Structures are given as structure tokens and as C-alpha cells.
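Peer 1: Sequence:
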Amino acid sequence: MNELKTIKNALELLRVSPNAISFFLTSYRIGRASVGQVAKASKMDRSSAYLAFESLKDLGLMEEDLGSGPKLVWPREPKAMTARLRTEIRRLRQQVENLEEEMPNLLAEYGSRHDSPVLQFFSGQDGLRNIVEDVLEKTSDELLLYSNFNEEKKVFTARDHEDFIRRRVEKNIKLRLLAADTTEAREIQTTDRASLRQTKIIVGKIPFLNETYIYGDNIAMLSFNEKTGVVGFIVRSKDFADHQRWLFEEIWKKL
Numbered sequence: 001m002n003e004l005k006t007i008k009n010a011l012e013l014l015r016v017s018p019n020a021i022s023f024f025l026t027s028y029r030i031g032r033a034s035v036g037q038v039a040k041a042s043k044m045d046r047s048s049a050y051l052a053f054e055s056l057k058d059l060g061l062m063e064e065d066l067g068s069g070p071k072l073v074w075p076r077e078p079k080a081m082t083a084r085l086r087t088e089i090r091r092l093r094q095q096v097e098n099l100e101e102e103m104p105n106l107l108a109e110y111g112s113r114h115d116s117p118v119l120q121f122f123s124g125q126d127g128l129r130n131i132v133e134d135v136l137e138k139t140s141d142e143l144l145l146y147s148n149f150n151e152e153k154k155v156f157t158a159r160d161h162e163d164f165i166r167r168r169v170e171k172n173i174k175l176r177l178l179a180a181d182t183t184e185a186r187e188i189q190t191t192d193r194a195s196l197r198q199t200k201i202i203v204g205k206i207p208f209l210n211e212t213y214i215y216g217d218n219i220a221m222l223s224f225n226e227k228t229g230v231v232g233f234i235v236r237s238k239d240f241a242d243h244q245r246w247l248f249e250e251i252w253k254k255l
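In our numbering, the protein residues as written are 1 to 255.
Honestly, the hints are just simulated from the structure, not real lab data. A portion of the hints provided could be inaccurate.
Restraint-style ranges between C-beta atoms, simulated for each label pair [to be verified]:
(1) G204 <-> Q94: 29 to 39 Å
(2) E142 <-> F208: 18 to 28 Å
(3) S140 <-> K8: 47 to 57 Å
(4) E64 <-> V96: 49 to 59 Å
(5) R93 <-> N2: 27 to 37 Å
(6) R186 <-> R159: 53 to 63 Å
Predicted, not measured: the structure shown is a model, and the values here were computed from it. Cβ atoms here follow ideal geometry from the backbone N, Cα and C, with glycine treated the same way.
Based on the provided sequences and hints, a complete structural model is requested.
Peer 2: This is the structure we're talking about:
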């Protein structure tokens, strides 16, 4: 019977045990009956049949007569199975969303355990927030930053900038900043002490357009252009971070 095959497939999707599937299909075929009668018809011992019935009842797929007479059981109407499948779909969808939300951290942990670099790409304002949160969360002591404030203001609003400084200072994260020679860089240098920051300005031709953060075993880069808007990525690799940190220190010492 095609309907029994359809029911069997649905029960398998709900991860129902083989015994419970056999119990349900037999009960569906013979109608109201005692657990013992269903057990006999499905060639199952009574204890296994009772366990199968209880598991199906917990899923909302079986009914029982709670009157004073002989206890009879029967399957609920097929709509109950549809409802249960929809509930399971919602649960799985939520699990997928939770997994996707945690994916950056999971990938980072996987990469650190397997000594392989991990590259994560971000875009838009949500991506920007993800990178900012990662920088603040994973910087334990000192943050190194390359910045060109002519470009930075295309990525961050003034409020974003002030909020980042406030949160960084609250977490006692020191910052060393290599900045392109701009009016904003000169102004921000005057507030270094209050902002737990040291700023050195690179005079001459502007050598970089992107925001680059070096923190822990991570490198984050942010940029903006008219076609793509805000884009960025994080590389999680101790070797890459150590190399970028060495380059930063070499420039720092010469200024």
C-alpha cells in the first residue's frame, strides 16, 4: 500500500525506531486494539510493543483509551504526523541558523586545531559589525592598526568610530596606530593618551587605503568602494599574523 510506504518514510524522517514504525503501521492497519493485540499482529514481544507505543505517544502520533475498560490504542489522524514533521522542520531550520551564526568561531577553532589558515569573508553593515566584534573579542592586550582616515570615514560613521574607541578602552585594549598623513590623523593623535593609543603618522604618498587590524593570531581588513560597498575579511593564521606583526614593527621603528 502506497500510503503505508509514505507513512513509513515520514516516521523514518522523525527518527522513529524500527520497532515503533512496525507498531505504528500495524496499528494503522488493524485500527483500535490493545497493545498486546498489536504486538501479536506485528510479531513483537509485549515489552517492546509497550516501549514502541510510549515513544509514539510522546511524539503525539498515538492515542489511547483511558476509560475503565480494556486499554485500546490507535494512531492519530495523518494530520498529526504532518504537524509533527513541520515542528521538526522548524527545529532543524533553527539549528541550521544557529550553526551558521557560530560558523566563524567554529571555522576559527577548526583552523587552529588543524594548523591551517582560515579565511572568512564579510560584506555590508552586518559584516562590518561582525569584524568589529571579532576584533574586540579576540584582542587580549594590544591591537595593531593601519588606517587611512580619508577612507576610514567611508566605512565607519563618527558614532561608530567613537563607540569602538569607548569599548576598546573599557576592555583596556591598547592600540598602536600607523596612519596615513591626513587632517583627521593629526587630530586624533592629540587624544592618544586618553584613548590608550600611540599614533605614528606616515608622511608622504599615502601607502594604503584599507583598514588593517592585527590582533592575536588574526588579521582583519576592511575596505569600501562604490560598487561593492563595505567589504572585509579575516585571516586566522598564526604564521600570517606573525608576519604582518613583524612588518608593522619594522615600519614602527623607523618612524
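Peer 1: For every hint, state whether the structure bears it out.
Peer 2: Hints versus structure:
At about 54 Å, the CB distance of G204 to Q94 disagrees with the hint of 29 to 39 Å. Range check, E142 to F208: Cβ separation about 20 Å, and the 18 to 28 Å hint holds. Distance hint check for S140 and K8: the Cβ-Cβ separation is about 55 Å, which falls inside the suggested range of 47 to 57 Å. Under the hint 49 to 59 Å, the C-beta atoms of E64 and V96, about 35 Å apart, miss the expected range.
Between R93 and N2 the beta carbon distance is about 28 Å. The supplied range of 27 to 37 Å therefore holds. Between R186 and R159 the CB atoms are about 21 Å apart, so this pair departs from the stated range of 53 to 63 Å.
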